[in-house]
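Engineer: Residue numbers (the working numbering), protein chains in the order written: chain S, 1 to 1009; chain A, 1 to 99; chain P, 1 to 232; chain W, 1 to 416.
Derived from the structure by calculation, the hints contain no laboratory data.
Everything hinted at is true.
Derived DSS-like pairs (lysine-lysine); straight-line CA-CA distance at most 27 Å:
1) Lys11(W) with Lys141(S)
2) Lys53(W) with Lys130(S)
3) Lys713(S) with Lys910(S)
4) Lys21(A) with Lys84(A)
5) Lys684(S) with Lys84(A)
6) Lys713(S) with Lys84(A)
7) Lys268(W) with Lys289(W)
8) Lys508(S) with Lys409(S)
Chain P is nowhere near these chain A residues, computed Cβ spacing over 10 Å in every case:
9) Tyr5
10) Asn42
11) Arg47
12) Gln78
13) Glu81
14) Tyr83
15) Gln87
16) Thr92
Heads up, incomplete: computed chain S residues facing chain P, CB under 7 Å, no partners named:
17) Ile167
18) Asn168
19) His624
20) Glu680
21) Gln682
22) Ile727
23) Asp768
Where is the CB? At the ideal position from N, CA and C, for every residue including glycine.
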Amino acid sequence: MSQQNRLGTGGRIDRSRPLRFSFNGQTLEGFAGDTLASALLANGVDVVGRSFKYSRPRGIVAAGAEEPNAIVQLGATEAGQVPNVRATQQALYGGLVAASTNGWPNVDRDLLGVIGSVGGRMMPPGFYYKTFMAPASLWPKYEKYIRKAAGLGRTPKEKDPDIYDHINRHCDVLVIGAGPAGLAAALAAGRSGARVIVCDEQDEMGGSLLDARELVDGRPASAWVASVLAELATLPEVLVLPRTTANGYHDHNFVTLHERRTEHLADLAPSINGRRQVRARMHRVRAGEVILATGTHERPLVFANNDVPGSMVAGAVSTYIRRYAVVPGRRLVLSTANDHAYRAALDWADAGREVVAIVDAREHPEGDLVNEARARNIRIIPGSAVIEANGKKRVTGAQVARIDIGGFKVAGRVETLSCDTIASSGGYSPVVHLAAHTGARPEWRDDILGFVPGKVPGMTPVGGVHGKSAIAEALADGAAAGVAAAQRTGFKVEAPALPKVAKVREGKAAALYQVPHVKPAMRAPKQFVDPQNDVTAAGIELATREGFESIEHVKRYTGMGFGTDQGKLGNINGMAIAARCLKQTIPQTGTTVFRPNYTPITFGAIAGRHCREFFDPRRFTALHAWHVEHGAKFEEVGQWMRPWYFPRGNETMHEAVQRECRAVREGVGILDASTLGKIEIQGKDAREFLNRIYTNAWTKLDVGKCRYGLMCKDDGMVMDDGVTACIGDNHFHMTTTTGGAAAVLDWMELWHQTEWPELEVYFNSVTDHWAAMAINGPNARKLLAELTDDIDLARDNFKFMDMREGTVAGVPARVYRISFTGELSYEINVQANHALHVWKALFEKGEKYGLTPYGTETMHVLRAEKGFIIVGQETDGSMTPEDLGMQWCVGYKKPFSWIGRRALTRPDTKREDRKQLVGLKPLDPQLVLDEGAQIVLEKEIRIPMPMVGHVTSSYYSPNLGHSFALAVVKGGSQRIGQTVYLPMADGRVHAAEVVSPVFLDAEGARQNV
Amino acid sequence: MLHIYCPHCAETREEEEFRPKGEAHIARPVEPEATSDEDWGNYLFFRKNPRGLHHELWYHAAGCRKFFNVTRDTVSYQIHETYKVGQKPSVTADKGAAK
Amino acid sequence: MSEIAQMDLNPRGAVKSESPLAMTRVNVVLAASARDAGVVVREKPFLGHLVLRGRAEDEAFRAGVERVLGLALPLALGPVARDEARGVSLQWMSPDEWLIVVPAGLEFDAEAALRRELTGHYAVMNTSGGQTVLELTGPKVRELLMKCTPYDVHPRAFPVGKGVSSVFAKSSAVIRRVDEERWELVIRRSFADYLYRWILDAAEEFGVFVAAGDASHSTSRAAVRELAAEAR
Amino acid sequence: MQHYSGFGLVKHALTYHENWQRAWRNPTPKKKYDIVIVGGGGHGLATAYYLAKEHGITNVAVVEKGWLGGGNTARNTTIVRSNYLWDEAAWLYEHAMKLWEGLSQDLNYNVMYSQRGVMNLGHTLQDMRDIHRRVNANRLNGIDGEVLDVKQIQEIVPIMDLSKNTRYPVMGASWQPRGGVARHDAVAWGFARGADALGVDMLQQTEVTGIRKNGNKVVGVETNRGFIAADTVGVVTAGNSGVLAKMAGFQLPIESHPLQALVSEPMKPILDTVVMSNKVHGYVSQSDKGDLVIGAGIDGYNGYGQRGSYATIEHTLQAIVEMFPIFSRVRMNRQWGGIVDTCPDACPIISATPVGGLFFNCGWGTGGFKATPGSGNVFAATLAAGKAHPLAAPFSIDRFISGKLIDEHGAAGVAH
Ligand SMILES: Cc1cc2nc3c(=O)[nH]c(=O)nc-3n(C[C@H](O)[C@H](O)[C@H](O)COP(=O)(O)OP(=O)(O)OC[C@H]3O[C@@H](n4cnc5c(N)ncnc54)[C@H](O)[C@@H]3O)c2cc1C
Ligand SMILES: NC(=O)c1ccc[n+]([C@@H]2O[C@H](COP(=O)([O-])OP(=O)(O)OC[C@H]3O[C@@H](n4cnc5c(N)ncnc54)[C@H](O)[C@@H]3O)[C@@H](O)[C@H]2O)c1
Ligand SMILES: Cc1cc2nc3c(=O)[nH]c(=O)nc-3n(C[C@H](O)[C@H](O)[C@H](O)COP(=O)(O)O)c2cc1C
Ligand SMILES: [Zn+2]
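With the rest of the complex left out, here is chain S:
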C-alpha cells in the first residue's frame, strides 16, 4: 500500500516532505500537512478501530473534532504513550507510531466481533441492570469481565516527562474559530487596536475556507485566508493561536484555550537550545467580548449498517479531497437531504473518480450545486435515501429506496447500487457547545433545522453557528460582530471591506435524521446514532418504550453522547429519533447538556506547572539550611517544614527523641519556633479587641508581660491558642499556632471590619519578619547570659511570662520568658535576616551546657508531660475551653460577651458528660498507647460497644520513666482514678488509669527558677 488514494496534485500537503509512520505495526507514508486520518485514508486503511459493545469494525467517518471511531493509541516509547488520540486531529509527524485501541487479536480480525454479532442482540440498552443479579456472590466475577471489555486506550506505565503550563490572558475580544466568520471578526476587531485573540483548533487557520469550492475575490479562498493572517500578524495587539481549542467557557467570559505546542512534532516535547518546551499550554482568557465562530458539524444520516467503513459524512469527503488530496474510495454514493453536500460528489468527480449516484431525500432538488451535478450527468435519485449499506469491513454497496419522510416509511422498491463509499448528509448542526457550557440552553431554529446558541452576556455567535452559513454571509456576520465587539470594549473601527464571493443559490433542505427501513427499527440491521458507544436507533426506541422519556434519561440509559466525541456526530440525530418515538417535536425534546471539555484535554495540561514541588508551596524558616546540614528529619505543618527530630548517627527516632527530651529537662535544648504565627497589633483599642476575641481578660496585662490566650469560634469551640505579649500600652505581639496563623489574622480582620470598625486597632502579620528560637532547660539562663549584656536575667527581674528587649549575640532581640515545656525557657526573637547568626552563636556558647537542637516530636512529649494542649490534636472543633479543663483561661466576668461566650451556656455545651481532657497512665509503664485508640469502660470486648473517648497524644517519657497519654473522655474529670480499656485492632486490650493531664511539675516549680 503506498498512498493509493492520494491524488497527484492539489491539496495543502507538502509533497516535498514525505513522512514515515507506523499504524498497527505497518510502516506507511504520508506528507507534512496530513493528519493521521488523511494519511491512513491515503494509504487505503479502512478499519481503524472496533466498537465498544459489539466490536464492529469501524473506519474514519469525519475529518474533525466530531470523529467517533478513529481513536488510536500513540507513542513510540512507554513514557511517550498518548491514549485516545483522535486521528482526524492529530498532525502527522515523522516516526509517529499509532495503534488501534480495541480488537483482539487485532482490529482486522477480531474475535470479540463474533461475540458482538451473536451476543449483540442480548445487549440492548440497560441490559446490565437486568441481569447478573443472581447469585449475588457471582457479581464480582461478572464485573471483572465487564471491566475487561471496557476502555479505549491505556495509560502509560511511566511518568510523563513533559511539562505543561498556564498563561493568563486578558483581551477585549476573543474570537473562537477561524473560518470565514471568525477571521472577518478578528480582522475587524483587530484593526480597531483592541486586544484580540483568535484561536482555532486546527493546525491551520481558515476553517471551511481551506476546502471551499467558492472563489474569494476571484482567488482560491485560502489565498484570502493567507492575506488576513498576514495582516493580523502586523497588528501588535492581535494574538493568533492555531492548534488551540477553546475547551471550556466559564462564567463572566472566562474561556480556557488549550494550545498544543508540540503534539504535532513528536510524542515527547522536544528541547530547543537545551530549553525544555512545554507540551501544551492552557491560556486562561478573561475576555471582554467573545465572538463564537465555531461553525457547524455535519450530521450523517442514520441508516442500517451505517457504520461500515467507507461510510462518511459528506463534508469530510470534500475535506479529504480538497485539503489533503486524498480520495477515500473509488465509487461514491451520496445520500443527502440538502444542497451543500453535493460538494462531495462534485469534488469526487473533479478528482476523476466515479460518482455512482446522488440520492436526495427531496422530491425536487433545486439549486446551483444540483444544477452543476446535473450538468455533469451525475445520476440524481430524488425522493430517496440510502436505507442500508452492504459490506462488513468496507462498503460494497448501497441499498437505495424511495422514502416517505413524513410517514416515516420506505415508499418504493429497493435498488442496490454497487459502491465502496457512502457519503451522507442530514444537515448541519451549529457548534453550540461552548455557549452551552455557561448554562445557556440552545434554541431550536426551524429555518436551519438546528439548535443555535442561547444568550450569553458578552457573547456573539457568528457565521455557521449563527445560521449564517454561506461564505459571504459568514464574512459579513463576522465583520459586523467584530466591529460591534470592539466598540463595546471601547474601540472604534470601520467595517472592513469584504471580499467578493459569488452567492451559491441553495434549495431548501429537508429534515431527515433516521432513514426509514423496510423493517421496523427493532428488526432492521443496526442503525447507528452514536457509533462510539454503539447506540442505535432501536436502542433509543426501546429506551423511550421502557419509560425513559426525558432526553436525559435516553442519554443515560443508552449511553448516547457519553463518548469521547461527546455526541458531536450523533446527538441531534438521537434527539430527533427520541422526538419521533415520543411523538413530539425536537425542541420539545430538547438537547442534553453540553459541558466542558469541547474536546478532551490532558490532565497534565489542566494541572499545568503546579505539580510535584510546585503542587503546593513549601515554607521555610531562616534556619532551614542549618537544620538540613544537621541531619534533621522534617515534619510538615501547614506548608511549613519543621524539624521533627535530629537523629545522631544511627539513632532511631525513638532514641533521638528520648535523648532530646532528657537534654531539655537536664541541660538545655533549642527549638526553631519561627513558624508560629505572629501578629502585630497596634492601636488604642487593642486591649478591647483582645478581650473580645480571646476567652480570657487582657485589660490589666502590663507592658512587658505575656499571657496565654484561647480563641473560640462563636459556637464556643476552641479554634486557636497562643501567647500574646503586651509590648507597649497600645501594642501587642500575638502568636498563633503554626497552621492557624493565616486563619486567625483573617478572623480578626473579619470581626474588626464587619462588626467593630469603631475599634481603633490595626493588625499585620509579622510571622516571617521574626525568627524565634526557644531555649529550654535548666541551663537556659546560663547560656543566654553569655550572649547578652543588656538584659537583666536575674530570676526576679525577668520573671516567667515577662518580655525583655535587649541584644543577643549583638543582635537586637525581644526575649520572651515563656515556656511550652515547663522548663526554664526563653524565646529569643530577632529580625529573621540575623537569625542564623544568633543561632550559631548560641551553639558556640552552648556546647558546654549540652545545647541540643530538638524538633517538634520532643516538643510534643515535653508539652504533653505538662498537660499542654495542641489545637488540632487535643481539639477537633468539638471541644470547648471547659472541656479542656481550661476554665482558668475563661474570663466569665468580662463585660463584653466575647466570641464563644454565649455558646458556653447552650444546652449541649452545659452537659456534664461532655468529653473532657484527661491524662492516661497505661498499667504497663512501657506501653505507648496508639494515638487514636478508642477508649471503652469494659474489659470484655463485644462489638458493637460504646466508646467514651480516644487517645489524642501518647508518648514514652524518659523524664517520668513511664509511658503516658492525653485523652478526651466523656465525663472524664469525674473519672480520675478509674481504669479504662483500649481495644486494639490485633485483639489486645490495653488498660490505663485515668489521671490528671498534668504529669510533671504541677506547681510549675521548674519554670519559675
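Chains A, P and W with the ligands: place on chain S using the hints.
Structural biologist: Chains A, P and W with the ligands alone, transformed into the frame defined by chain S:
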C-alpha cells in the same frame, strides 16, 4: 470563574484573589447573653440560602484584604453590584435586579 | 511605659545577615547566560520594609507622611510613589494601608520619623525581615508574569509605575512595574524559595539568568547609616 | 412488575426486544395522597419504595420537577462507604451499607454495587492520628476498617506514586474493603421501578411551587400541575431544600454550593479501588466503562447553577497527577456540577419541622449517595410513624439550637 469588582481597589479582579465568606449582613446579636438559645442558633447557623439574588460577603484576600458585599444571582452567577461593609445594597429581590 | 514599642532591629556589631533567598541561591544552579536571557532575576535584599496604616481621609496624616517621606500619600490603587534617588517608595495597598520601602537599615529611622510626625489612629509596623524584593528585567518578563499571576499585566492595565498585590503562582506577591521591561516583586520570606524556583522554572523557555546580588552580607548599624547617608 | 433476569434477556432478544414493559408508569396526579414526597432523587425514591414495601403505605406520590434521579443522584461520584467517625453517623451509614449489600436482589435491578474497597490516604502525622481514631471507632461499631502502611497500599494500588519525592508523601491509609462504587442512575431507576410496582405514583416534570398549610399544619403542595393534597409531606430536595423551606416559611442551617466532578476518557482497567486524599484533595475511581471518575473541592460560594469554578477543576487534577503521575497524559472528557446542601457539621438533617406533618431529609451535602437506601429507609419509617426513627433521631434540626452537632468534617473530608 467570577470576575469581581472590589469596591476598595476599584478594579474588577479575578476570582482567585477573593474568598467567599457566606451570607452578608448577619449581625451578631448585641446582647448575646440576653439572646435565646433559638436565636443564638439562628444567628450561628441558619441561612437564607436563596435561589436567585444573594447578598454575600467576600474577602479580597490576595488584594487589599478588605471584606465587602456582593449582590449576586446564585443561578446565573451574574453580579449585580458590590458595595462596602456598612452600606446597603441598591439591588434587592423586592426591588428587582434593576440592571 | 510607652504606648508603642519601637525597636531598631539592626545589629550593633558586624553580623552576617542572610536574605530570604540565601539558602535557595546556593542550591539552585542555573545554566543560562545574561546575553540571550529573556528574563534576568536579581534580588534586592535587606531593604527596609514598613507597613503603614492610617486614615487616608485625615489630612494631618497625609501631610505627616509626606513630610517624612517626601512623597505624597497615594490615595488609590495605582502608581507607586517613588523617589529613585533616595531609594524610597510608598505604595497604596488598601484604603488604610501602604507599603513603604526604604534603603537597607533605614527602616527604624523612617519609623521613628513617622511616629514623630503622626498623631491619632495610625500604625507603623516593621516587616523588613519578612520580605524581600526581586527585580525582573528583560523582554520576556511580561510573558513570564502572565504565567504567574491572573492580574492583567498588559501596559493598558498595568502602566509603568503601577503596583498591585495579587495571586502569584500558589502564593501571592506585590507586583510593581518600574519601567517598560523592569518589574519588582515584593515577596514573603517563607515563600521566597518556592516563588524563586517557580520563576526560574516558568522562565526557562525564555532563557533566564540570575544576576549577582548579595544574599548574605555583613551589616552593622553604623555601616548602614553611612551607606544611607551617601545615598542621600 | 416484569421480572428481570439473564434468561429474560435471551427471551426478549428472540422477540427483538419489542415486549419490554415500562419501568414505571407516567400517571396523572391524583387529588390526594397519604404521603407526598417532594424530590425524585435517590433518597426520595428510596423513601417511597420503603414506605410501600415496609410500611404498606402505597398511596404515595413522588413529585419531581425534572426527570427522576436528575439532581445530585445523576452527578455524584458514587463512592459508598460507612466508615464515619461519630457513632450516630457511623450507625446511619452502616445501616445503608447493609442495605446496599442486598439491594440489587431486593430491587431485582442490578445497581452494580461493586465492593472494591475505599482507601483514604494520610500524608501528615495528624492525618494518621485521625485515621487511627476513625478506624478504631469503626471497628468497635462493627464496621470493617484497617489502617494500611505504605507497603500494603503499594500492593493494592501499585500505580500510585508512593515515593518520597511527591509534595505530600503518603504515610498510610485507612481502608474499608466493603466500600466501593455503584451505578448511580441504576439506583434511582431501581427504586423508582420498585416503588412504581408497589403502586407509588412517580410524577415527573411536576414542580412544587408552594407548601399549603392550615394553621401550622401541612395540607398539601402546590405544583405546576395543580394542588396535591396530603397530610404528610416529606421533602427530599437536596440542593433545593432551602427553597422548599422558604415556601414553608422557615430557614435551614444549610447552604447550597456547587460541587464539581469530572471523568476522563475511557481507559483500559488500571485502578481497581477507590482512592481518596483529604490532604492533596482529590479522589478517583475507575468506572466499569473505563473512565476515571474524579472529584474534589466544593466551591465556597452559594450556587444553584450546577456549575462551579474552573480553578477548582484545576486543583483537582493537580491532586490527581500528584497521586498518579502516570495519569498526566490521560484526558478529561467532561466535567459537571451539582448543587450540594451543606450543613455546618457535615451531617444530614432528617427531621420534623416547625410545620406539622412536614418533614425534611436534606443536608447530605457532598456525601449522601452512599446513604441512599439507609436514608430512604429511616425516612420512610419516620414519615410512617410521624416521629423520628431511632437512627434518624440524632439528626434533627434541633441540634443546631442545642449545639449537639455531629462534626464529621474530618471523615467527610474531601467532598464525596
Ligand atoms: C459532584 C458530586 C459528587 C458527589 N460524590 C458523592 C460520592 O462519591 N458519594 C456520596 O455518597 N455522595 C456523593 N455526592 C452527594 C450525593 O450526590 C447526594 O448527597 C445525593 O445524591 C443526594 O440525593 P437526593 O436524592 O437527596 O438528592 P437529588 O438527587 O439531588 O434529588 C433531589 C431532587 O429534588 C428535585 N426537586 C428540587 N426542587 C424541587 C421542587 N420544587 N419540586 C419537585 N422536585 C424538586 C430535584 O429535581 C432532584 O431530582 C456527590 C455530589 C456531587 C454533586
Ligand atoms: N450553504 C453553506 O454554505 C453551508 C451550509 C452548511 C454549513 N456550512 C458551514 O458553515 C460554516 C461557515 O463558516 P464559519 O466561519 O461559521 O465556520 P467554519 O467551519 O469555517 O470555521 C469554524 C472553525 O472553528 C473551529 N472550531 C470549532 N470549535 C472550536 C473550538 N472549540 N476551539 C477552537 N476552534 C474551534 C473549527 O475547527 C473551524 O476551523 C462552515 O463550517 C461551512 O462548512 C455552509
Ligand atoms: C459516575 C459518573 C460517570 C460518568 N461518566 C461519564 C462518561 O463516561 N461520559 C460522559 O460524557 N459523561 C459521564 N458522566 C457525566 C454525565 O454525562 C453528566 O455530565 C452528569 O450526569 C451531570 O449531568 P449534566 O451534565 O447533564 O448536568 C458521568 C457521571 C457520573 C456521575
Ligand atoms: Zn480590593
